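Residue numbers (this note's numbering), protein chains in the order written: chain A, 1 to 283; chain B, 1001 to 1574; chain C, 2001 to 2369.
No lab work stands behind these hints: they were computed from the structure.
Note that the structure is a prediction, hence the values are computed from the model and not measured.
A hint or two may mislead.
[To be verified] Cβ pair distances, simulated, as ranges:
#1 Lys1016/B / Val65/A: 51 to 61 Å
#2 Ala2060/C / Ile1036/B: 44 to 54 Å
#3 Asn1054/B / Leu79/A: 33 to 43 Å
#4 Ala1330/B / Val2184/C: 47 to 57 Å
#5 Arg1302/B / Phe67/A: 20 to 30 Å
#6 Arg2268/C / Gly1064/B: 58 to 68 Å
#7 Pro1561/B / Phe67/A: 36 to 46 Å
#8 Gln140/A / Glu2332/C: 24 to 34 Å
#9 Trp57/A / Ala2357/C: 43 to 53 Å
#10 Asp269/A / Ser2347/C: 22 to 32 Å
Virtual Cβ for every residue (Gly too), placed ideally from N, Cα, C.
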Amino acid sequence: MSMLSTFTPSFALLRSRWLGCPLALMLTSTWALAQDKRWGPGEPASDYGYRFGELFWLITTLVSVAFALVVVLLIVPMLRDRARPGHRASFDHGKSLHDKRLTAVISIITFIVLDAWVLVIAMKDLREAYWAIPAAKDPQTYKVEVLAQQWAWSFRAAGVDGEFGTPDDILTTNELVVPKDRPVSFNLTSKDVIHSLFLPEMRMKKDLNPGAINLAWFKPVVEGEFSILCAELCGFAHYQMFGKLRVLEQGQFNEWEAEASQLASTAFDADDTEGHWAWDWQE
Amino acid sequence: MSSDHIHPEPTTFLRKHVFSIDHKVIAKQFLWFGLIWLGIGGIMAMMLRWQLANPGVPVPLIGGLLFPRTGGVIDPATYNTLFTMHGTIMIFLGLTPAMIGALGNWCIPLMIGARDMIFPTLNMLSFWAMFLGGAVGFYSLFVPLGATEVGWTGYPTLSTTVGAVGQGETLWAIAVFLIGASSIMGGINYITTVIRLRCPGMTWMRMPLTVWGLFLTSILNVLFIPVIGSAMIILVLDRVFGTSFYVPASIMSGGTGGDPILYQHLFWIFGHPEVYILILPAWGVVCDLLSFFARKPAFGYRTSVGAMVVVTVLSALVYGHHMFTTGLSAMLGESFMLLTMIISVPAEILFFNWLHTLWKGSLRLTTPMLFAMGVIFVFGLGGLTGIYCATIGTDIFLHDTYFIVGHFHLTMAASALFGTFGAIYFWFPKMFGRMMSERLGKLHFWLSFFPLVLVFCIMFISGYAGMPRRYYDHTSAEYLRPLQHLNVATTVSAFLLGVAQFIFVFNFIKSRWWGKTAPQNPWDVGTVDWTIATPVPHYNFKTIPVVRCGPHEFSNPVLGPDTDWIYQTEELPG
Amino acid sequence: MRGISWQGLAVAFGALGLLTSLQTSEDENPHARAPRDVSLVVTEGAWLRAPGADWFAQRAKAEPGRFTHDATAAGGAGGWVDSHGEYSLSEIEGEWAYWQWASAERLTDGRQDFVQFCSSCHGLNGDGYGRSGQHLRPTPRSFQQNKFKFTKVTADLPSDEALLSVIKRGLAGTPMLPWDLSDVQLLDIIQYIKSLSPEESGWRDVYSQVGDAIEVTEDPWTDTKERAIVRGREIYHGAASCHLCHPGYVTNEELRVIRKDPEGTTYRENLTYPALKDSEYEVLGRATKVMPPDFTWHQMRAGTTTADLFQTIASGIKGTAMPQWKGAISDEDLWALAHYVENLIVSYKDQPAARSAFMGGLRVSGDNK
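Isolated chain A (complex conformation) (with noise of 0.2 Å):
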């Protein structure tokens, strides 16, 4: 009884019509859609932004070398080796010493080309940038307290005196001003559940705990306008808890911050115990 027959790929599939209308549709609907579009990430907008970029491309550039040694090697035995009359299987356990050799040499290779030289720059880019919080006794590190909550972002700058608690400490909601061209360090907590600060034009990104304070920090290069997003689920309005990260010119932040003391120290209540929320910097 020959099942064979049975065997033979339905190639034809793929070239009918039948399968023709949903791919076309999902083109179509890919290219179909408003203005704008946009692919990737944006252009990193801090002084550590490039490592990203860098990382993933080569990643990507090694992995697609690899998965596409894995589609020739799925398809060449689906066109060659394929079953039919007379036609016979090499037999092989693969117990040889000289597979084992083999599969020795190919995974050692695997490892270093695919994980060790990424592991090494990952290592590099940790030490030298992410993790590596700038000192806060350094005039020129900006310090900002960040208190998530559901679901918003309070931000609290410590103001022209450079000390949290006191009443010119500048509180904003959503909206974050830094200075470029300085280290901006943070403390983070939270008041009920786990947030995320997401600087995505950064690319930093570090979660908020109740209960505990996380740093992070960055170093933006570029001046105006960028995101902040949370993400780390946080309830109904997850979505909706974003906001505005400002970059300004020394000079201009200067102003900014001047003006923005002042106007702290004017809405000051000191009897308002329950209202003040600073803590000690954290390092």
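Since the structure of chain A is already known, use the hints to place chains B and C on it.
For chains B and C alone, coordinates are given in the frame of chain A:
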């Protein structure tokens, strides 16, 4: 050592079809249960995709019925419930019963030459515990404030009463606990059965790799489900009894309290092995199916077994890669990154063995084979994208974006699902005594394959572009509005994928009752389960078989020119 | 297993449960522990004050067939009848007034939606002090106070539509976002919020008046915006004396000229900065202060179109030092003010260079920081 316990044939309807202790009936119970819940989870996914592509637009057909107070629109809280239940259902109520429950129960005794599982009553309890878990989960949809909406990961403090008042989350924790209990029961059964009930001659190295996969999965189940069980108990204590294991004191008010990160550790110590739990059976099935349909031995059997064992052993050591942005210490972060990369090596080895199995084979491109090869494709894609996730330098940006969603769906959902489909198409003739339609099967494969790959590959683009996950609407934040075209494309593909599954449903139901009668061994495969008649008699084997060779002796030259396979119970000539 | 006292274990567990359910001390922050036993059911319906006859007249046009005018109602004075039975006319202490019935089922739906969507800031009991509302300034509204800042009504209490409008638009610059909920859900939440009125106050008070947002009359300055701005500047610093709370956007001398005050008159310190004012809004029993906005710097909560500004100025901001200006100055002047404020926003807000030049120019005279 084979035991010759034969439990007497049941006589009553209840004992035959409801509270059966026969592994074959239990397998079918798990299969129907799993497939139905996969359907429910799939419909939820379609609703999620609808909302993302058409924010604020009422869901067609079923919207008015399901969401009357919003005029058919999915509101943000319901959206959160949908993705939470989608994840929970697909993992715990869909894949676990369909793959581990159904496949494990069907294949293990039959493939090792046993008459049943070693603990038949425990087996039955395992199904009903899962059923109860599903019932509790289903019930939670109807309580005030509805079912849980805090993500299937259920992080506190969102999942404590700080973030989620109401019974829904508590019921969810209880449901997960019950399902976990079911898995532990099943795990104990599978492990003991494989160790104790292999028929004479069935050495460890002659077992089909499907059984290896299920065996290793069971070890992981037994070891790590208790961890999530305890995480759930503590969550229930916090929610119902007012303890503060996960609820911290506020920074401002000082004092001691609990730690929400404790949950994350507990959850992921289970959670990472869980993804291996879901994939190991699929890996085993794929190893076997590739060999069966390439008419070639599974390349590097021992190496494959070794790879699966190493993955099993290392699985809990990598869990921290889910927590790179939580504020772990640098040392921990880097260690987890290194370990995650190391664990990819055995997976890569297994992968190469698959490709080697195909190379210079004689491929019979049947439906099960297509799905097995499909697993190679989607798992390759998913596994390779794991490198982006393991590397902290890229994960900082990609964490909690659609990149991760694409990655885990390809590795977990697509691979395990394709493995499940392959297994169903393969064992259907023996389970139900009828053949599934090959034509419809192939159509199902191709119409699923392209949309599936498209759905999750577009998600990689979305994630790279910075689109966070678990968002109700990506048109609120200005940064995300230019990405809406990706949402639409993903949704269209997802709907095509969803529609294609109806082909499977139709094929399954039609073939179950009206399919062509299946021959005893339609696939020319030599494992012990194909030596017996169809339908399989209650006692499986009249006499316990004696195994004389491995399961993959295809195209062995000693078999001569007329045949390329041999039953495991037969002696290899010469 | 031998050796383990199962009874002992049970007792220990029970003790644990008992201990954790003991009441905590009253001094403790109410949010020190996670909430337990949150009620999600309202057992009794409530009669809530409804708006007056004018409102019904408008609704009759919007929903034909539902409301009919019965000349014999209200003891012969005539009144509206609701065929749905939700609104009814009744006499209390000689006064005929309209009441709205919110059933227990409706209030239960509202309660559940409120807990789901609003309680994190507004508190599980609507007292404005939810866990996420801690340390927030301005504070989230307490619904037990029956006072609302931005509903733009002149009556004591806002109508359903006025509240709906605020919730749907949100209050820009605050965590009160424009929530994506359906009207059905929002109206149920609104009924629940109204039912939180303490006995004989707010919506349970016979004498309360409920009104719609103030009507936006026709803008007489549509073709003469420049003149409106000039007139607005005069009113702002003159008749309305907005500079007493808000910043003054002129130099000392210019102010003196506008106000026709004698030579040498000085005005408050920090004239170009706002002055902190008391408000009636309480948190934990303590009244908080509010900062009148500087239009060139702060975000306007209730909308920045001329019509929005007109309404906000006209209706005032209840419970704060911002009085109701409708009636105190003419509509024409109200519109002028609106144009002037809008001009300030458009010219200087989020434009650091322009603002800096403008405010710097005002402050250069030394005695007017």
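Going down the list of hints, with the structure as the test:
At about 56 Å, the beta-carbon gap between Lys1016/B and Val65/A stays in the expected band of 51 to 61 Å. Separated by about 51 Å at the C-beta atoms, Ala2060/C and Ile1036/B satisfy the suggested range of 44 to 54 Å. Checked against the given bound of 33 to 43 Å, the beta carbons of Asn1054/B and Leu79/A, roughly 41 Å apart, stay inside it. Separation of Ala1330/B from Val2184/C is about 51 Å and conforms to the stated range, judged on CB atoms against 47 to 57 Å.
One distance hint, 20 to 30 Å for the beta-carbon pair Arg1302/B and Phe67/A, holds here, with the actual separation near 27 Å. Taking 58 to 68 Å as the suggested C-beta distance range, the pair Arg2268/C and Gly1064/B conforms, at roughly 60 Å. Pro1561/B and Phe67/A have their C-beta atoms about 38 Å apart, which keeps the hinted 36 to 46 Å range intact. Between Gln140/A and Glu2332/C the Cβ separation comes to about 54 Å, which falls outside the hinted range of 24 to 34 Å.
Restraint check, Trp57/A to Ala2357/C: a C-beta distance of roughly 45 Å satisfies the suggested window 43 to 53 Å. At roughly 30 Å, the beta carbons of Asp269/A and Ser2347/C sit within the given window of 22 to 32 Å.
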